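Turn these sequences into a full structure, and let the hints guide you.
Residue 28 in the numbering used here sits at position 28 of the sequence shown, and the numbers go up by one each step.
Since the hints were derived computationally from the structure, they do not count as laboratory data.
Computed from a prediction, not measured in an experiment: that's the story for all the values here.
Glycine residues also receive a C-beta, built at the ideal position from the N, C-alpha and C atoms.
Mixed in with the good hints, there may be bad ones.
[Said to hold, decoys possible] Between beta-carbon pairs, the in silico distance windows are:
id	residue 1	residue 2	range
1	6	96	26 to 34 Å
2	20	65	33 to 41 Å
3	32	64	16 to 24 Å
4	8	49	14 to 22 Å
5	41	117	17 to 25 Å
6	60	7	25 to 33 Å
7	77	50	12 to 20 Å
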Amino acid sequence: ARVPDFESARRVEAAVYALEPGLPSVSLETSGRVTRLPLERTARNQALWRTAQRLGGELGLALEEGSVGGGSDGNTTSQFTATLDGLGAVGDGAHALHEHVLIDAMPRRAALLALLLLSPLAE
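What follows is the structure, given as structure tokens:
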């Protein structure tokens with residue numbers, strides 16, 4: 001789902017189902033629904049993000065929050081537990097011919113993940 005929150009997903013669904021054909025000779029049938037909810041900025045996720053920022057700072061990483069379209073397993077896990085997404089390799093060009101990772105960034109990224117796993121999350 002490329003919407004920021006659950007309510008927006010439901011509004012998009014309602015708008016699609018409200019569509020009417022513009023010509024008398026045209027029929028319109030709609031089906032389906034949003035099945036992958038967005039990864040929302042919940043209080044739990046924000047607390048985990050603050051922890052990641054703090055730990056990243058200790059490693060000399062300047063972490064920036066971002067949001068991208070698309071989906072991941074984080075969309076689902078976020079409904080049940082604190083979730084961060086996009087913690088994989090640093091690079092550019094995902095799924096493109098110029099896709100690459102920055103190997104020199106991997107040790108600090110791995111250290112951040114280890115610290116996150118060891119750090120208690122105050123909820």
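The hints, checked one at a time:
1. The supplied range of 26 to 34 Å is met by residue 6 and residue 96, whose beta-carbon atoms lie about 31 Å from each other.
2. For the pair residue 20 and residue 65, the beta carbons lie near 40 Å from each other, so the given range of 33 to 41 Å is met.
3. Checked against the hint of 16 to 24 Å, the pair residue 32 and residue 64 fails, with Cβ atoms roughly 35 Å apart.
4. A hinted range of 14 to 22 Å holds for the C-beta pair residue 8 and residue 49, which are about 21 Å apart.
5. At roughly 22 Å, the beta-carbon separation of residue 41 and residue 117 lies within the given 17 to 25 Å, and the hint holds.
6. As the Cβ distance of residue 60 to residue 7 is approximately 39 Å, the hint placing it in 25 to 33 Å is violated.
7. Between residue 77 and residue 50, the C-beta spacing of about 18 Å keeps the proposed range 12 to 20 Å intact.
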